[in-house]
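S.K.: These are the residues of each chain, in order.
Protein chains: 6
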Amino acid sequence: MTPHLSHDRYQRGAARLADVDGPAGLAVVEGLAKSFPDFARYIVEFPFGDIYAREGLGLRERELATVAALCALGNAPPQLRVHVHAALHVGCTPVEVVEVVMQMAVYAGFPAALNGLAVVREVFAEAGIPLPLA
Amino acid sequence: MTPHLSHDRYQRGAARLADVDGPAGLAVVEGLAKSFPDFARYIVEFPFGDIYAREGLGLRERELATVAALCALGNAPPQLRVHVHAALHVGCTPVEVVEVVMQMAVYAGFPAALNGLAVVREVFAEAGIPLPLA
Amino acid sequence: MTPHLSHDRYQRGAARLADVDGPAGLAVVEGLAKSFPDFARYIVEFPFGDIYAREGLGLRERELATVAALCALGNAPPQLRVHVHAALHVGCTPVEVVEVVMQMAVYAGFPAALNGLAVVREVFAEAGIPLPLA
Amino acid sequence: MTPHLSHDRYQRGAARLADVDGPAGLAVVEGLAKSFPDFARYIVEFPFGDIYAREGLGLRERELATVAALCALGNAPPQLRVHVHAALHVGCTPVEVVEVVMQMAVYAGFPAALNGLAVVREVFAEAGIPLPLA
Amino acid sequence: MTPHLSHDRYQRGAARLADVDGPAGLAVVEGLAKSFPDFARYIVEFPFGDIYAREGLGLRERELATVAALCALGNAPPQLRVHVHAALHVGCTPVEVVEVVMQMAVYAGFPAALNGLAVVREVFAEAGIPLPLA
Amino acid sequence: MTPHLSHDRYQRGAARLADVDGPAGLAVVEGLAKSFPDFARYIVEFPFGDIYAREGLGLRERELATVAALCALGNAPPQLRVHVHAALHVGCTPVEVVEVVMQMAVYAGFPAALNGLAVVREVFAEAGIPLPLA
Chain A
1 MTPHLSHDRY QRGAARLADV DGPAGLAVVE GLAKSFPDFA RYIVEFPFGD IYAREGLGLR
61 ERELATVAAL CALGNAPPQL RVHVHAALHV GCTPVEVVEV VMQMAVYAGF PAALNGLAVV
121 REVFAEAGIP LPLA
Chain B
1 MTPHLSHDRY QRGAARLADV DGPAGLAVVE GLAKSFPDFA RYIVEFPFGD IYAREGLGLR
61 ERELATVAAL CALGNAPPQL RVHVHAALHV GCTPVEVVEV VMQMAVYAGF PAALNGLAVV
121 REVFAEAGIP LPLA
Chain C
1 MTPHLSHDRY QRGAARLADV DGPAGLAVVE GLAKSFPDFA RYIVEFPFGD IYAREGLGLR
61 ERELATVAAL CALGNAPPQL RVHVHAALHV GCTPVEVVEV VMQMAVYAGF PAALNGLAVV
121 REVFAEAGIP LPLA
Chain D
1 MTPHLSHDRY QRGAARLADV DGPAGLAVVE GLAKSFPDFA RYIVEFPFGD IYAREGLGLR
61 ERELATVAAL CALGNAPPQL RVHVHAALHV GCTPVEVVEV VMQMAVYAGF PAALNGLAVV
121 REVFAEAGIP LPLA
Chain E
1 MTPHLSHDRY QRGAARLADV DGPAGLAVVE GLAKSFPDFA RYIVEFPFGD IYAREGLGLR
61 ERELATVAAL CALGNAPPQL RVHVHAALHV GCTPVEVVEV VMQMAVYAGF PAALNGLAVV
121 REVFAEAGIP LPLA
Chain F
1 MTPHLSHDRY QRGAARLADV DGPAGLAVVE GLAKSFPDFA RYIVEFPFGD IYAREGLGLR
61 ERELATVAAL CALGNAPPQL RVHVHAALHV GCTPVEVVEV VMQMAVYAGF PAALNGLAVV
121 REVFAEAGIP LPLA
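Those sequence lines, one after another, are chains A, B, C, D, E and F.
Positions 1 to 134 (the numbering used here) are the ones given, in order, by the first sequence.
Positions 1 to 134 (the numbering used here) are the ones given, in order, by the second sequence.
Positions 1 to 134 (the numbering used here) are the ones given, in order, by the third sequence.
Positions 1 to 134 (the numbering used here) are the ones given, in order, by the fourth sequence.
Positions 1 to 134 (the numbering used here) are the ones given, in order, by the fifth sequence.
Positions 1 to 134 (the numbering used here) are the ones given, in order, by the sixth sequence.
None of the hints are false.
Same chains, same names: a pair is fine if it fits in one copy or spans any two.
Okay, derived cross-link-like pairs now, SDA-like style, lysine to any residue, Cα gap no bigger than 20 Å in a straight line:
| hint | residue 1 | residue 2 |
| --- | --- | --- |
| 1 | Lys34 | Gln11 |
| 2 | Lys34 | Ala118 |
| 3 | Lys34 | Pro94 |
| 4 | Lys34 | Arg121 |
| 5 | Lys34 | Ala134 |
| 6 | Lys34 | Ala24 |
| 7 | Lys34 | Tyr10 |
Please keep in mind that the hints were generated in silico from the structure rather than gathered at the bench.
Given the sequences, and given the hints that come with them, work out the whole structure.
M.R.: Structure, rendered in structure tokens:
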């Protein structure tokens, strides 16, 4: 474990956040920073500078895992919306996203999947992805 | 939607369950069937005959999503154990499994990730996978 | 386990859904089918064609159990609304519905019960059921 | 709202607890009282003296609702065990209990139902109820 | 355990509720009582007349604990709003409230903390507390 | 935001962890590090080096908030055990710990509080704290 400047960690996190979600992700963090600057910094540093910056798992798989978890938990629709968007941004196909959300009916029940699909529908509409998928 | 024999659906589910988890998965279902035969049949038919049998998402991605969801929910350790095993069985690397579980610290908190890692450690020990990973 | 046509299963589920929630339930499924036709079919087939179609438990008891579970989980208000409506539709009295929701204060805390009562109030208002109950 | 002696409320709760779960319920409360006497008193007074003592919903329905909620939440197996026992004690049939637990697969996912069935199997074994049910 | 008039218990709870949340808390209960009078009474009696009326833990600590729990559960935003307000009312500093909510990122994940901070921002805006805190 | 060496952050976290939980906390992290060294490092760095190291909220209040959250979530008994121990270590009285756990009956239901009290009883027994408290 080589010591490194935490400034590097923030920079690495900001770059990774841009990889994951494009300008939308950075905008969310900048909005948050106006009210809670320390927490905005932590979000860049730990989830993105530490976790998403790790090797060993692709960004596509990371986003599908996050969509699965947030859909299953069912109590964080705004973050699910961000990560459905991010999943598309890192190259997941619309079909893959829908499959993961439908699969959550098995593990967290049909209401969790239904409410996840409602979020998917909103994000797909903004992204111009027609439903039903072919 | 072409009508088809439900017997086919059960057969398809049993085959898919074997793909996902090998003999271990079928053994779980057979054990359950001794006490709750209808529910054992539903597990084969809906999760495996309907959901896992779908195209559009690879089995590796399906298992990583399931590991993520069960780790995040945190109230189903026996099923998390089954799916950590299944993730390895369908070709996820040990590193990928550990990465998904660690990532859950971001979305469901450190306790959820810690308890998920405890399950990973047990399954890896049975599978002869040494920790820490190289 | 006699093989049967899955088409029969869908038909059985659609009939059972109509028993449970009347035209409102079918309308929800038809709306969903415009975006996610496969998932709409699964909802008819598994929850209604398999589970609710079973003997051994009355529809009144099934709906009270569902209201209890959704109120306790607290993360699926749209589905709680559907099932408060359905509970009345299958013959639960308004008093029974309110009693189940209040009881959830014991098992899931007062906020879960309070948010459940807010849903009850909306559904009762649409149904013309005055509060407080006599 | 007529003022009444809180002693009456405790007595009413203890009587209701005995109705609901027989000597087993009272033994749980007495065991708890050795370490946490105030909390043991609250359990008698609020859940049983206030809620279960209410009219408008039968004890059978109350217990099925509680089994549903605890199975769906999935994080309170000891209390689920108590209420599976209580459900049988107030006259729910073994079939009704199993039906409610299986139904939770729809609302809280298959793992919640599976872990609920594991509790059911234990309680039924102690009660001499053979599985599978006829 | 000396018997006492339950009327006293209600009065004690109403006084404690006023201590905790000022006129806002009483207004919530009075609004609820129009639709669900028994449940409104229970809220005064058990949470406030029994629990919050106990000695051994200060009101500041009680409110910080409640904000922590509601933020972590994540499925009761209206009640979290009430208790962020109450925390300020009993003398918690704005910094203390924000610290507790940020800390929930560790135990319940970043989405729970983010959604908690969104509630904090609303309550602080109504209370004229500028963000970011100095 | 002044850049600083992350090594400092780890050192600060390790010191804070020792403040919070004494040798027991460091032992948990060292045990974890044998299997998952990166995750052990993150636990020191983010929860303790970032969050618990912040000013503005006392360690006593931090631990009471954590006990509240883990008791309410109900799916992380090992971590609840650690933090009941830590609460005592930072100077919370046994009464304060019991009060917080009992209060969770209001926000997360009686089963959550009961299972929390079972953890409290174990930790108090190890610490030689007799129950019931005087």
